[in-house]
Amino acid sequence: MIPQTAAAGPALPVPFASFLRTALTATEQVPAQAVAAAPVGAPLRRTVLVQEIATRSAANAVGTAQLLSQSPDSTTIGELYAMQGAFMKQLWQIDQDWRAGLMRVYEGTVSLRKANTLSKVVEQDFNLIGQCGDLMTTYMTSVATLVENTNVGYSYWLSKKIRAAQAARAAATG
Amino acid sequence: MGDQSQMAERLSGYDIRRGESSISGLSSGAFMTVQMHLAHSSKFVGAGIIAGGPFRCAESFRGAAFLAADAFELGALAIGMNPLIPQMAPDAGDLAALARDAAGMGLIDPIANLADDRLYIFTGRSDCVVYPDVVSRTREFYLQLGVDSANILYNDVVDAGHSIITDNLEDSPLAANRPPYINNGNFMQSHAILRQIYGALNEPAEHLMGRLIRFDQREFFGDNKRASMSDFGYAYVPATVLAGRAQARVHVALHGCKQGYNYVNYVRGLPDIANQPPYGNRYITTTGYNHIAESNDIIVLYPQVEGSDGGDLQNPDGCWDWWGYSSPNPRNPDYYSKNAVQITAINAMLERLGA
Chain A
94 MIPQTAAAGP
104 ALPVPFASFL
114 RTALTATEQV
124 PAQAVAAAPV
134 GAPLRRTVLV
144 QEIATRSAAN
154 AVGTAQLLSQ
164 SPDSTTIGEL
174 YAMQGAFMKQ
184 LWQIDQDWRA
194 GLMRVYEGTV
204 SLRKANTLSK
214 VVEQDFNLIG
224 QCGDLMTTYM
234 TSVATLVENT
244 NVGYSYWLSK
254 KIRAAQAARA
264 AATG
Chain B
184 MGDQSQMAER
194 LSGYDIRRGE
204 SSISGLSSGA
214 FMTVQMHLAH
224 SSKFVGAGII
234 AGGPFRCAES
244 FRGAAFLAAD
254 AFELGALAIG
264 MNPLIPQMAP
274 DAGDLAALAR
284 DAAGMGLIDP
294 IANLADDRLY
304 IFTGRSDCVV
314 YPDVVSRTRE
324 FYLQLGVDSA
334 NILYNDVVDA
344 GHSIITDNLE
354 DSPLAANRPP
364 YINNGNFMQS
374 HAILRQIYGA
384 LNEPAEHLMG
394 RLIRFDQREF
404 FGDNKRASMS
414 DFGYAYVPAT
424 VLAGRAQARV
434 HVALHGCKQG
444 YNYVNYVRGL
454 PDIANQPPYG
464 NRYITTTGYN
474 HIAESNDIIV
484 LYPQVEGSDG
494 GDLQNPDGCW
504 DWWGYSSPNP
514 RNPDYYSKNA
524 VQITAINAML
534 ERLGA
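Same order as they appear, the protein sequences are chains A and B.
In case it helps, the numbering used here puts the first sequence at residues 94 to 267.
In case it helps, the numbering used here puts the second sequence at residues 184 to 538.
Since the hints were made in silico from the structure, they are not lab data.
Among the clues, some could well be false.
Claimed, not checked - Derived coverage of chain B by chain A (criterion: at least 3 residues anywhere in the stretch with Cβ under 8 Å from a Cβ of chain A; other residues may be distant):
hint : segment
1    : 241-247
2    : 258-266
3    : 270-276
To be verified - Below, in silico cross-link-like pairs of lysine to any residue (SDA-like), each with a Cα-Cα straight-line distance of 25 Å or less:
hint : chain 1 : residue 1 : chain 2 : residue 2
4    : A       : K182      : B       : D342
5    : B       : K521      : B       : P511
6    : A       : K253      : B       : A280
Computed from a prediction, not measured in an experiment: that's the story for all the values here.
Note that the Cβ used here is the ideal one computed from N, Cα and C, for glycine as well.
I would like the entire structure built from these sequences, with the hints used as guidance.
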């Protein structure tokens with residue numbers, strides 16, 4: 094049975110998809126099933142998520158200013174310092190992992206690799222390129238995870254602090 | 184004949200001591216352990232939680248994102264797994280109130296059932312996947328629900344990574360945080376869990392005389408694609424129980440993420456079928472549950488969950504649901520309740536066994 098196909102062009106309207114399209118001939122078509130399942134909203138989703146982080150960051154800044162102006166107690170300031178310390182420690186660990194990974198790849202490039210066939214030599218060369226790509230992926234996703242977690246965790250912490258401050262004020266005035 | 188040998192069995196019933204079941208799990212299996220324990224507390228006498236957070240902690244902060252599903256997933260990561268500082272960890276008091284509300288609405292069993300339950304709660308000092316700050320809130324959560332502190336064995340002093348601990352020489356070093364999350368710490372954590380729950384037990388058997396049964400799980404979740412459960416589950420039935428010479432208790436052992444029998448790693452978004460990890464069923468066969476079950480007439484039930492990535496159902500690591508991916512309505516998730524597809528399925532397996 095011949096699978097149903099559709100033109101690849103409109104399926105993924107992003108630059109990367111356009112780049113891939115140039116590598117295909119006019120007769121090569123993406124299966125219709127894949128087109129139907131294609132995440133048409135993926136670029137939009139990325140924009141929305143980035144905007145959400147930016148909005149949360151702005152709200153965090155306003156909330157922090159509000160909190161520190163109304164109840165600048167030593168516990169809150171101590172927790173802010175602890176947060177900064179924990180964030181820097183995790184960033185330092187990501188950097189250490191990146192440097193260790195780079196060193197591993199570098200060692201791979203300078204070490205004597207035994208290969209009896211041309212295909213093995215080609216494979217070994219491309220393995221190192223692939224390792225660099227994986228290292229970059231790990232680095233970028235680790236940093237994005239740390240930023241996202243910190244952003245959300247901070248919002249949560251701030252909302253609890255503001256709620257507690259409001260409750261304390263209400264109790265004092267009531 | 185050949186066809187029959189290729190068929191998974193139907194899970195059978197046995198002579199079971201009702202109301203004396205227990206449950207344990209690692210990581211997502213531990214989060215699900217807490218959910219299952221609360222949802223069906225009338226069936227359980229205790230639970231073992233290794234690196235698991237409190238009930239519904241993924242729902243701690245609805246303000247994390249515009250869409251509810253995003254907020255719960257972000258909450259699971261930032262609050263339920265990796266809070267930067269202890270003050271960013273889940274709030275045990277808030278979650279205990281949520282549990283009481285859920286019990287009031289009949290979504291879970293009455294909270295009073297938990298009072299005399301026995302708990303084993305463990306967090307490794309080197310765990311970088313689910314931070315110790317989160318697990319300490321699980322202890323606080325149970326205390327707030329009225330569990331006697333004398334009935335909780337809380338251990339946070341072992342320098343272990345994210346893992347279930349064994350005494351197998353071939354397992355990962357104790358402080359490692361990597362799949363298959365089974366680390367060698369020179370003791371069997373499964374034995375410690377069962378002894379905490381049931382008290383003094385016979386020494387583990389040298390050899391297994393019972394049967395490790397592979398059963399068809401599909402009948403327990405039907406065609407529900409949101410279940411994210413595998414085709415097969417497993418159960419170890421001791422020899423004396425098989426022969427009908429002893430009444431059994433049932434223990435449910437829930438694997439963590441990346442530990443199901445058919446786990447496939449997703450590499451750059453694609454399932455790496457050519458290089459499936461060789462540890463698919465190590466949780467079932469090497470974590471020590473079966474040997475101590477054999478000598479103490481305990482049936483061990485191993486339900487299995489599987490992953491998928493990139494589509495509607497985002498569960499690439501094959502985790503049990505503790506942030507709502509299986510809920511039909513993300514704004515009003517039911518993953519923690521008796522109505523949840525995974526909890527309903529495990530409960531149906533328990534019922535079939537006779538528990």
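Exercise for the section: Test coverage of the segment 258-266 of chain B by chain A using CB-CB distances below 8 Å; three residues minimum. Expected result: Result for this restraint: holds, n = 6.
Practice task
With a cut-off of 25 Å on the C-alpha distance, tell me whether A:K253 and B:A280 pass.
Solution key: holds, 16 Å
Practice task
Given that the segment 270-276 of chain B was listed as covered by chain A, double-check it with a C-beta distance under 8 Å for 3 or more residues.
Solution key: Held - the segment 270-276 of chain B has 3 residues with a Cβ nearer than 8 Å to chain A, which meets the minimum of three.
Exercise for the section: Check whether three or more residues of the segment 241-247 of chain B sit with their beta carbon closer than 8 Å to a beta carbon of chain A. Expected result: holds (count 4)
Problem - Hinted pair B:K521 and B:P511, Cα distance within 25 Å - result: The hint holds at about 14 Å.
Handout entry: 25 Å Cα cutoff - pair A:K182, B:D342
Key = The given pair, whose Cα atoms are some 19 Å apart, holds under the 25 Å limit.
Hint compliance for this structure: every hint is met.
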